[in-house]
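With the sequences and hints as input, model every part of the structure.
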Amino acid sequence: MWIVFALLAAMVSATVVTLSKAGVKNVPPSLAFAIQAVLIILVSWGAVLWEGLLPEITKIDRRSWIFLVAAGVLTAGSSLLTFRALSLGDASRVSPLTNTALIFSVFLAALFLKEKLTWQVLLGAGLMVAGAILIATTKPSDQSEKKESSTKNGRPASGATIYESKPSA
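Residues in the sequence shown are numbered consecutively from 1, following UniProt numbering.
Derived from the structure by calculation, the hints contain no laboratory data. No residue lacks a Cβ here, since even glycine has one placed at the ideal position from N, Cα and C. Misleading hints may appear alongside valid ones.
So the derived label-pair ranges between C-beta atoms look like this [to be verified]:
no., residue 1, residue 2, range
1, T15, L74, 30 to 36 Å
2, I3, L134, 46 to 52 Å
3, G77, A109, 16 to 22 Å
4, W65, I40, 15 to 21 Å
5, V27, W65, 31 to 37 Å
6, V121, I35, 24 to 30 Å
7, W2, M128, 15 to 21 Å
8, L74, A6, 30 to 36 Å
9, K114, G52, 30 to 36 Å
Here's what the structure looks like:
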């Protein structure tokens, strides 16, 4: 059953990337992430309340709190970096690179969680890295180049990102 949930999560994640890219076209990436983060909080705490798990919060040990807080901070950092990348690049090229996280996950799980690395896992990870690099380094289509370079009165064409990659002080 875990495979079904993992594949559903992948489908939802792909949809999130597409919607996020559309959302950051005219919105600063940090603001776009903050909007999504509020909704994540509402949905996640709604699920906790729905499942009646709120009393369980007092049973979480100190070590688990440290891991969960650290993971939360890193999740927020990862999302901010992803939104910045999406504001600057094509979703079809950004997403494969951000999804190389699975390769890092495989090696971190082996190192810290003592999970076994088989030749199949290593081969699969290698193929995924090769695929991500191939996709990310492929030259964008002529259509997207024309869209990015077209300007009207010194301003980006409609639908282009209007925010610079460097935040103003």
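Hints, one by one, checked against the model:
no.	hint	in the structure
1	T15 <-> L74: 30 to 36 Å	violated (23 Å)
2	I3 <-> L134: 46 to 52 Å	violated (26 Å)
3	G77 <-> A109: 16 to 22 Å	holds (20 Å)
4	W65 <-> I40: 15 to 21 Å	holds (19 Å)
5	V27 <-> W65: 31 to 37 Å	holds (33 Å)
6	V121 <-> I35: 24 to 30 Å	violated (37 Å)
7	W2 <-> M128: 15 to 21 Å	holds (19 Å)
8	L74 <-> A6: 30 to 36 Å	violated (20 Å)
9	K114 <-> G52: 30 to 36 Å	holds (34 Å)
The structure fails hints 1, 2, 6, 8 (numbered hints given earlier, in ascending order).
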